[in-house]
Amino acid sequence: MNETKFKLDWLVLPLLGGILVLFLWALSSSTWTKELPSPTKTWEASKPYVQNPFEKRGEMDQGILRFTWYSLVLVAKGYALALIIGTPIGFMLGLSKFFTKAFDPIIQILRPVSPLAWLPLGLVLFQKPNPAALFTIAVCAMWPTVLNTAVGVRSIPQDFLNVAKVLKLSRAKTLFKVLLPATLPYMFTGFRLSLGIAWLVIVAAEMLTGAPGVGGFLWQEYNSLIYEHIILCILTIGIVGFALDRLMSLAEKRFRTSIA
Amino acid sequence: MAFLELSRVSKGFGSAPKRTEVLRDINLQMERGEFVAIVGYSGSGKTTLISLIAGLLRPDSGSVTLNDLEITAPGPDRGIVFQNYSLLPWLSVYENISLAVDQVFPNWAPAKKKMHVERHIAMVNLTPARDKRPSQLSGGMRQRVSVARALAIDPQILLLDEPLSALDALTRATLQDEIGRIWEESKKTVILITNDADEAILLADRIIPLTPGPNATLGPEIVVDLPRPRDRKALNHEPRFKEIRAEVVEYLLSCKQKTKTTLSKKLRLPDIEPEDLSIPRNYFSPRRDPIRRRELKEETVEVSK
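Just so you know, the protein sequences line up as chains V and P, in that order. So the first sequence is numbered by numbering that gives the first Met the number 0: it starts at 0 and just counts up by one. So the second sequence is numbered by numbering that gives the first Met the number 0: it starts at 0 and just counts up by one.
Hints in this document: simulated from the structure, not taken from any laboratory. Treat each hint with caution, since some may be false.
As the list claims (entries may be wrong) - Here are the simulated EDC-like cross-link-like pairs (lysine to aspartate or glutamate), alpha carbons at most 20 Å apart as the crow flies:
| # | chain 1 | residue 1 | chain 2 | residue 2 |
| --- | --- | --- | --- | --- |
| 1 | P | 241 | P | 298 |
| 2 | P | 187 | P | 4 |
| 3 | V | 167 | P | 30 |
| 4 | P | 255 | P | 270 |
| 5 | P | 112 | P | 130 |
| 6 | P | 17 | P | 69 |
| 7 | P | 265 | P | 298 |
| 8 | P | 264 | P | 298 |
| 9 | V | 167 | P | 184 |
| 10 | P | 264 | P | 242 |
| 11 | V | 164 | P | 101 |
| 12 | V | 164 | P | 69 |
| 13 | V | 167 | P | 153 |
| 14 | P | 232 | P | 297 |
| 15 | P | 265 | P | 249 |
| 16 | P | 112 | P | 161 |
| 17 | P | 241 | P | 224 |
| 18 | P | 17 | P | 4 |
| 19 | V | 164 | P | 94 |
| 20 | P | 241 | P | 204 |
| 21 | V | 172 | P | 101 |
| 22 | V | 172 | P | 176 |
| 23 | P | 265 | P | 297 |
| 24 | V | 55 | V | 220 |
| 25 | V | 167 | P | 101 |
| 26 | P | 111 | P | 130 |
| 27 | V | 164 | P | 288 |
| 28 | V | 167 | P | 176 |
| 29 | V | 164 | P | 153 |
| 30 | P | 265 | P | 275 |
Unchecked claim - Some, not all, of what chain P presents toward chain V, calculated at C-beta under 8 Å:
| # | residue |
| --- | --- |
| 31 | 89 |
| 32 | 91 |
| 33 | 166 |
| 34 | 169 |
Claimed, not checked - If you anchor each label on the Cβ, the simulated ranges turn out as follows:
| # | chain 1 | residue 1 | chain 2 | residue 2 | range |
| --- | --- | --- | --- | --- | --- |
| 35 | V | 153 | P | 299 | 26 to 32 Å |
| 36 | P | 300 | V | 97 | 38 to 44 Å |
| 37 | P | 299 | V | 23 | 54 to 60 Å |
From the three backbone atoms N, C-alpha and C, an ideal C-beta is built for every residue, glycine too.
In isolation and in its complexed conformation, chain P is listed as follows (with noise of 0.2 Å):
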């Protein structure tokens, strides 16, 4: 069995009349060390599918199991960077991670654990910043914090969901430099889950798109193989990677054609209430008047085309 297999994953959200379908039948391997890239629309279920690997939500049929042991709860063994950061703005940087690393690594010497953090810190740049709050650092060293913080706990797997996409451009070509050149020292296995299809081809080794929800499923993969390290400005001219880049596009964009195209329009509702003509009437309770509504009512209707 792989390292991290997911079989025939189904999830949604609410109950009958309601309930949307979000993921169908997903089928995922990945094998220890690997950096694959799930890359789709937003409101596809992305986070879905990282909750549903953290353990942070059951699927509703079939099995998520990592080293063949299935996933029931969230747990320490997977990292994971969400796209808001969640770190606790009552806490310092040093704090934040030393937080966690006291929780996995409980019997180690407060040596051990203090030297452990400064190194995760000094790993993603932000020793100056040691001792600040969250809400003194800008958006990108919160999620430099919040990538230290998953890599501290020495994960079998980080699971990184949208890190960057809150990011400006500029801030988050750096981090994404960051991020590969962390994942070459410490050859995690990486789920990164990302919109931007530079980002994927640069990073994975992998790209899986996933299908516009909802009932989205992952399509086929794309094998990303560019030599590595990547660099960003030699990648540009690479024919490769324009071929690469090229497929992964198009796929998306034939799946967002292939899903039916709706239309809402607005209706403006008969100024008359409804009647229920079924209850029977009688002398002492004759048929009332229309009742006629007193203010316009619209109503929102998707329409397919």
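Only chain V is shown next, with the shape it has when bound in the complex (with noise of 0.2 Å):
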């Protein structure tokens, strides 16, 4: 392919991408589904949201951005608790064969299992809707820092386990001083994916639980016949999942130069 680059082609042709979205949609509310709120309709009904992100006129009517905090705190948390778990049983099952076999047939069972499921039975054991969440976000988002930091730890060069055998480092001084910087870079990648998964279960863990935030709010949005707010709640998650994952893999960036 020999396509030409020009100046500014970095923000002429995502630019272009945009508008032919737009212009589709545009096109599709007016003359096949007419439920559809076209691109103009949008923009007015959710200018009061965008326009004072943080006001707060109730419990559900509050601006964007405030939704969006709502969520990130709760992201954040339940992002913590899946890393806490997580990265320590990563560790195991990298370093133990034996527990790799005891361990690893349940956890490729409970991985693809939807957050959707996991939520009920976060409810049935919290009896609250946020540890309920909590709960879902940390079971949901912690796999991919589970097999990442396993496999990260699995391939540690021999070489750098010499060094700590020969030096007789003890137990915490290899953990540390070896098997952790070693591991970093697997990790992070970990992190990164675990991010993003936790960023998909909090709106669903939010629509079913009517928490207020980004996803409860598109909910109530829906069940009051206020299509425009879906629109505006789904370009918000998007967005802020987008920033999130490119903050994440700016990190991984540095931590990857650091050591290679």
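If you follow the hints, you should be able to join the two separate chains into one complex; please do so.
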């Protein structure tokens, strides 16, 4: 392929793509699906939420960034829980064949279970929506961290382990001076994937629990037939997810270059 | 008993029927302060031998003793320089060495540790690169860090496992001189594993050839009776140097010829699947038609000439 590059192509091309999708959206809403709000109507209806993003007019009537903030706080808690549980499990899987044989099958079975299936169990266990949401995020988001950490530990070069053996490093010192730094790049890949999943789960969890946040707002506006706000929420969720992924991959890159 | 003694050491890998005996009946005695070079072809089990002395591997039979104590596990009384440097890439030169020093001399005052590390960095001429990471260093510099780390733990014996074979010829020469100088200063007991006869003659008191594996064993030793310090330029014109060199090379070459030369041949398998004729056939399970292979299969076999 011999595609020509031109000045500002990084800005012009994405804009072009966006405009095309916007056009298809407008066309669809005015022709075959009248239920779909048009871009202009969406903007009109979203204005108060976007222009005063931090305003609080009522429990379920708040600026979009304020809702996003609630969701992010919940994600941060659940994500932290996922990392705190997932990283040690990953280390144990990577270090012990015994542990792998015992727990790998059950992990492979639990891994593909949808957040929608975990949430009711969380509600039964904790009786309250917030801890149930945390539980769901943690359980769903920890698998990439678990598996990537395990792979990272298994692929530590024998040379590094030999250094630890020859110097007779204690277990704790081997862990912190050799195993952990050598696994860090893999762990970060896991962390990034986990964050992506945590953000996916939060929306589903909020929809079911009705907690204030982007997902809860989305569900409420669907029930009150304000479809414009559904689109606003979808766009917000997408943009925030994209931003989170970018941030994590920046952090990941930093670690990769500092080690390699 | 000698300072380091290997008696009737054998080591193999894998289990029958795929077992390969790597080393067989290795006997070696070394005195304190000696510099011994073990020269052999690649793949003859040199690294296995050094791993046995290091304690990273245990022999299948025979014993390895240092100072009359059986070697059962790796430990800092044996400093090892690996072929691939084995530096921790997330630590700087200083940190790599101080990790070792902290571990081996935990009771030293911080100032003493720092001085000790700095002295060893200076010894291998790396003071300007003190705070650099291994990835920022050339191969030769990394290997010097590795040497400094091995020396900094003040081991009873220094094991050099082909330390210079990954380096270019010029860097190798410089480092050979440096290792020679450091040995003159420290008078450590050193085992150098190498595939370079010249390197062995330049540095060692004795050269012991390792016959090609499998079932490698040590050949008769060749004493290098050249005066020290040895100068690489002068050495080239020394008749005794040429004699020793010829002796080493000839021994290794003659070993190679003695071992059976094998030829690997690619054979094409017949395009029919094997069939078990011992299964009784009857009316309900009649003999099937021969099954043809879908694709050509080739197998490589070793044929001795």
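Verification of the hints:
Using a Cα cut-off of 20 Å, the hinted pair residue 241 (chain P) and residue 298 (chain P) is violated, with the two alpha carbons roughly 45 Å apart. About 16 Å separates the Cα atoms of residue 187 (chain P) and residue 4 (chain P), which keeps this hinted pair within 20 Å; it holds. Taken as a hint, the residue 167 (chain V) and residue 30 (chain P) pair is broken in the structure, with Cα atoms around 26 Å apart against an allowance of 20 Å. Note on residue 255 (chain P) and residue 270 (chain P): the hinted pairing is violated, with a Cα-Cα distance of about 38 Å set against a maximum of 20 Å.
Of the supplied pair hints, the one linking residue 112 (chain P) and residue 130 (chain P) holds, its CA atoms being roughly 16 Å apart against a limit of 20 Å. Between residue 17 (chain P) and residue 69 (chain P), the direct Cα distance comes to roughly 30 Å. Violation of the 20 Å bound is thereby established for this hinted pair. At most 20 Å may separate the alpha-carbon atoms for a hinted pair to count; residue 265 (chain P) and residue 298 (chain P) meet this at roughly 6 Å. For the hint pairing residue 264 (chain P) with residue 298 (chain P), the CA-to-CA distance comes to about 8 Å; that is within 20 Å, so the pair holds.
A C-alpha spacing of about 27 Å is found between residue 167 (chain V) and residue 184 (chain P), which places the hinted pair above 20 Å, so the restraint is violated. About 39 Å separates the Cα atoms of residue 264 (chain P) and residue 242 (chain P), which puts this hinted pair outside 20 Å; it is violated. About 15 Å separates the Cα atoms of residue 164 (chain V) and residue 101 (chain P), which keeps this hinted pair within 20 Å; it holds. Only pairs whose Cα atoms come within 20 Å are accepted, and residue 164 (chain V) paired with residue 69 (chain P) is accepted, the gap being roughly 17 Å.
The suggested pairing of residue 167 (chain V) with residue 153 (chain P) holds, with an alpha-carbon distance near 15 Å, which does not exceed 20 Å. A distance of roughly 53 Å separates the Cα atoms of residue 232 (chain P) and residue 297 (chain P); the hinted pair therefore is violated under the 20 Å criterion. Proximity of residue 265 (chain P) to residue 249 (chain P) is assessed by CA-CA distance (about 33 Å); at most 20 Å being required, the pair is judged violated. Using a Cα cut-off of 20 Å, the hinted pair residue 112 (chain P) and residue 161 (chain P) is violated, with the two alpha carbons roughly 29 Å apart.
Distance check on the hinted pair: residue 241 (chain P) and residue 224 (chain P) sit about 12 Å apart at the alpha-carbon level, within 20 Å; holds. With a C-alpha separation of about 30 Å, the suggested pairing of residue 17 (chain P) with residue 4 (chain P) is violated against the 20 Å cut-off. Our distance criterion of 20 Å between C-alpha atoms is met by residue 164 (chain V) and residue 94 (chain P), whose separation comes to about 18 Å. Distance check on the hinted pair: residue 241 (chain P) and residue 204 (chain P) sit about 16 Å apart at the alpha-carbon level, within 20 Å; holds.
Pair hint residue 172 (chain V) plus residue 101 (chain P) holds up; C-alpha atoms about 11 Å apart against a cutoff of 20 Å. Between residue 172 (chain V) and residue 176 (chain P) the alpha-carbon distance is near 36 Å, which puts this suggested pair outside the 20 Å criterion. The suggested pairing of residue 265 (chain P) with residue 297 (chain P) holds, with an alpha-carbon distance near 6 Å, which does not exceed 20 Å. Taking the CA atoms of residue 55 (chain V) and residue 220 (chain V), the gap is about 16 Å. The hint holds against a cut of 20 Å.
Annotation: proposed proximity of residue 167 (chain V) to residue 101 (chain P) holds, straight-line Cα distance about 11 Å (limit 20 Å). At roughly 19 Å between alpha-carbon atoms, residue 111 (chain P) and residue 130 (chain P) fall within 20 Å of each other, so this suggested pair holds. In summary, the hint linking residue 164 (chain V) to residue 288 (chain P) is not supported, as the alpha carbons are separated by about 60 Å, beyond the 20 Å threshold. About 31 Å separates the Cα atoms of residue 167 (chain V) and residue 176 (chain P), which puts this hinted pair outside 20 Å; it is violated.
Using a Cα cut-off of 20 Å, the hinted pair residue 164 (chain V) and residue 153 (chain P) holds, with the two alpha carbons roughly 17 Å apart. Between residue 265 (chain P) and residue 275 (chain P), the direct Cα distance comes to roughly 26 Å. Violation of the 20 Å bound is thereby established for this hinted pair. Look at residue 89 (chain P): its Cβ gets to within about 4 Å of chain V, closer than 8 Å, so that hint holds up. Hint on residue 91 (chain P) is violated. Least Cβ distance to chain V is approximately 12 Å, over the 8 Å limit.
Nearest Cβ of chain V to the Cβ of residue 166 (chain P): about 17 Å, over the 8 Å cut. The hint is violated. Evaluation of the residue 169 (chain P) hint against chain V yields a violated restraint, the C-beta minimum of about 26 Å exceeding 8 Å. The beta-carbon spacing between residue 153 (chain V) and residue 299 (chain P), approximately 31 Å, falls within the hinted interval of 26 to 32 Å. Checking the proposed 38 to 44 Å range against residue 300 (chain P) and residue 97 (chain V) shows it holds: the Cβ atoms sit about 40 Å from each other.
A C-beta distance of roughly 59 Å is found between residue 299 (chain P) and residue 23 (chain V), which places it inside the suggested range of 54 to 60 Å.
In this structure, the hints that do not hold are numbers 1, 3, 4, 6, 9, 10, 14, 15, 16, 18, 22, 27, 28, 30, 32, 33, 34, in rising order.
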